[in-house]
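Could you build the full structure based on these sequences and the hints that come with them?
Chains as they are written, first to last, in this note's numbering: chain A, 1150 to 1467; chain B, 105 to 386.
Think of the hints as simulated: they come from the structure by calculation, not from any bench. As the structure is a computational prediction, the values presented were derived from the model and not from experiment. Think of the CB as a built atom: it goes at the ideal place given N, C-alpha and C, for glycine as much as any other residue. Check each hint, because a few of them may be wrong.
If the Cβ cut is set under 7 Å, some of the chain A residues that face chain B in the computed set are [claimed, not checked]:
no., residue
1, Met1202
2, Val1205
3, Pro1206
4, Arg1232
5, Gly1236
6, Thr1248
7, Ser1249
8, Leu1250
9, Asp1251
10, Leu1253
11, Ala1263
12, Asp1290
13, Phe1292
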Amino acid sequence: MLLEVKNLSVYYYTLSGVVRGAEGISFSVREGEWITFVGESGSGKSTVAHAVMNLVPSPGRIVSGEVLFNGRNLLKLPGEELRKIRGKEMTMIFQDPMTSLDPLRTVGDQMVEAMTVHGVEEAEAKRKAKELLERVNLPGDRFNYYPHQLSGGQRQRVSIAIAMAFRPKLLIADEPTTALDVIVQDSIMDILNGMKEEGTSIYFVTHDISLAVERSDRIAVMYAGKLVEVGTVDQIVENPLHPYTKALIEAVPDLWKEGKVRAIPGYPPDLRSPPSGCRFHLRCPYAEAGLCNIEEPEFREVEKGHFVACHFPGVWRK
Amino acid sequence: MRLIDYIINPLRERKPGRGLLLFGISVVLTVIIMAIFAPWISPYNPTQIGADVFAPPSSKHLMGTNNLGQDVFSRIIWGSRIILYVVAIATTLSILVGVPLGLLSGYRGGKVDRALSMIMDSIYSFPSLILAIVIAVVLGPSPVNTAIAIAFVYVPTYFRMVRGQTLSLKNQLFVEAARAIGVKDWETMRKYILPNVLPTVLVVFTLSVADAILTEAGLSFLGLSVTPPTPDWGYDLRVGQPFLLDGYWWLAFFPGIMIMLLAMGFAMIGEAINERLSLGTR
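Written out as structure tokens, the structure is:
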């Protein structure tokens, strides 16, 4: 197992109270697989992604859990050890390509730095940077460009080129296509898929479930700071067991079907004081008083590789 | 963008603030040239006492002579050296101390940040001139000591600006991205945060130089900077002040106007750059 996350909780200590951004998260990522985290805004999917890198921005703090990367707990690793892993064995690209590059330095400079910090000679790094640019379909002369001279898609490709530098074992992509249009999105997805074929595990975060279905091997669904369902794409799409997953899939608009989009009624809860019991019970059509609003459902394996946290998994089919 | 571009670009373009900048730069440059070429420009020895006391401005003595018969014009020219020297040392010192501490404090956070912020805030809460006077008195009158006193007072200004900027930059994605690719902490500070902070430092620098000039003048007015007969604007201002009532206005007027012009020159450069920087983000 490449990555194992056990019982991870991240809280944000804000002025208006403690926000429980993610609680009790457990999952694993295998070598060479593409796992996608879906969920609406504020569901904690980005929080978990950052926590895996041990890069939770303040005022967030990882309050419990383990992140085992190749068997080593990243949360306990000394800073220098962690630094050596970041960028080389695991790396991350971010949602907003407009701000994830330093505006005052050229693209090439930043690419070279990504390699020299891990001990690559500067001349070698320069040569390789140009090669990487070509691999993400950017002309080599973009090396000398400043970020503001590039479009959003081009910048995101630069970020990916930086991430590719060492053929990392794990790439965390935190909504890398959200700020881009669909055509560009597709080309970015192609590049990521190419990385996967070379053996990099892709940890993809998105709120677009249709995008998740396209390329992933497995899907993890988050709701209100909790992991509610994990399974293979087939399991999730053909046989969703959690009412929230079902609702998410049904909410995807279909161009060829008549009728309105089926939205999920209600709003996600305030994570400063999450609802008791199952966090989805307030919006769940199958919730049963006396159980769902009191007892928190256990996150358990119901069929091979298919995990769900629900008292009545797949109840609508019975 | 190089730092110097923040001055050159607004000079090239016809945009608001250009006039301010032009005026500021010409005043400051004039004083700097005066200081550099003092031995060649000044018509008389500034410390030479003469029999021709209280001579009004004339073609022989452009700004008249003082109570000791020294040529005021020559003293103004030589005096620019002292004030620039003191202010240069003072601002360099306060930047060298304030900027790294601000970076560290903002980037590290936690206890280091709290301790440093508390110290800086307590310095900041003192009236700056009075604090500078106290330090200058303790250290004894000399230009270097004056510089140290002024530097001490302005460290918190740099510290607070840099710390604030660092705090916001630290949460910028590109800084996080730098950490995600394994850049060392101090390299992140030096290569990713510092260059983005420098424009702010430049503005604080030009604005606080103006303040530092007034502080220097204030200290030497109180006799805490140079010892006579060294020519110094603040000191000459004080020497001339009692003679104002006798109608010998030129003794105090010229040093006073020079202090004002120089301070204004720097303030205008700072204002112009400030305006440009905020124009860019608007």
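Right, here's what the structure says about each hint:
no.	hint	in the structure
1	Met1202	6 Å, holds
2	Val1205	10 Å, violated
3	Pro1206	6 Å, holds
4	Arg1232	5 Å, holds
5	Gly1236	3 Å, holds
6	Thr1248	4 Å, holds
7	Ser1249	4 Å, holds
8	Leu1250	5 Å, holds
9	Asp1251	5 Å, holds
10	Leu1253	5 Å, holds
11	Ala1263	4 Å, holds
12	Asp1290	20 Å, violated
13	Phe1292	17 Å, violated
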